[in-house]
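Once you know that position 216 of the sequence shown is 229 in the working numbering, the rest is easy, because the numbers rise by one and skip nothing.
Be a bit skeptical, because a hint or two may be false.
Below, computed lysine-lysine pairings styled on DSS-like, alpha-carbon distance capped at 27 Å [said to hold, decoys possible]:
1. Lys141 / Lys178
2. Lys178 / Lys233
3. Lys16 / Lys134
Simulated from the structure, these hints should not be mistaken for lab results. As the structure is a prediction and not an experimental result, all values here were calculated from the model.
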Amino acid sequence: MLKGRVALVTGGGSGIGRGIALGLADQGVRVAVCGRRAEFLEQTVARIHEQGGTAMGVPADVTHRGEVERLVASVVNEWGQIDILINNAGVSGRTPMDDPDDTRWLNILDVNLTGSYLCSKVVLPHMKDPAHGRILNMSSVLGRFGVPGYAAYCTAKHGILGFTKALALEVAERGITVNAICPTWVDTDMARQGIEEIAVVLGMPAEDFRSQAVAAVPIKRMAMVEEVVALAIFLCQADAASITGQVMNVCGGATAGSGS
14 MLKGRVALVT
24 GGGSGIGRGI
34 ALGLADQGVR
44 VAVCGRRAEF
54 LEQTVARIHE
64 QGGTAMGVPA
74 DVTHRGEVER
84 LVASVVNEWG
94 QIDILINNAG
104 VSGRTPMDDP
114 DDTRWLNILD
124 VNLTGSYLCS
134 KVVLPHMKDP
144 AHGRILNMSS
154 VLGRFGVPGY
164 AAYCTAKHGI
174 LGFTKALALE
184 VAERGITVNA
194 ICPTWVDTDM
204 ARQGIEEIAV
214 VLGMPAEDFR
224 SQAVAAVPIK
234 RMAMVEEVVA
244 LAIFLCQADA
254 ASITGQVMNV
264 CGGATAGSGS
């Protein structure tokens, strides 16, 4: 049972992050969501309150340690501890090597990789009940293989896997588990933006590229947010206490032939 636990979900204002926040709240978890857009956080918190749960939203940029410290202090001051950390905050985008501007590369690595590191580092001292401590890092199938033009995102998501395995061993004696999930295309706004961006580069309608992307997934459809949420919630349960340092694909078979 997760009732009474405290969770912090980064990037909890939309998409997978919002789905996990709602799913945890439905299990009786007190949920704090953070992100850079307060209005999205307010929507998530309102949804949780509507379903009878307890939640708070704290705007924060996970790439700045000071903001992460303020975020974590807000949660601990309100609820006394943090049992579950979902490192979900992420951004994507093309970073072709012939782009003279490094800004997007640096931002993608900062948000996806450094953000997960900072949040984990600041949260860990507040995991008071180690038998229930859980850290879950959201990676991607692009953490399993490469895609041309997306070197930064692939690098960040591959890095999340190394971070997950190393951190899992570092905190294992405390009874805290650390795992990662690698989703394929998930039907979210972020996926739609990615499809539109790639379609522009290919000079084709977004719907045509979407059809191609879905056709490349062995099960011939995108994953649903609820499918990722179900795995995330299981990994937070007591039944998953011996699962740590693992990377689990929600990929519709996309990684089955890659050796990952």
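Results for each hint:
1. Lys141 / Lys178: 22 Å, holds
2. Lys178 / Lys233: Distance of about 31 Å is beyond 27 Å: violated.
3. Lys16 / Lys134: 25 Å, holds
Of the numbered hints stated above, the single one contradicted by the structure is hint 2.
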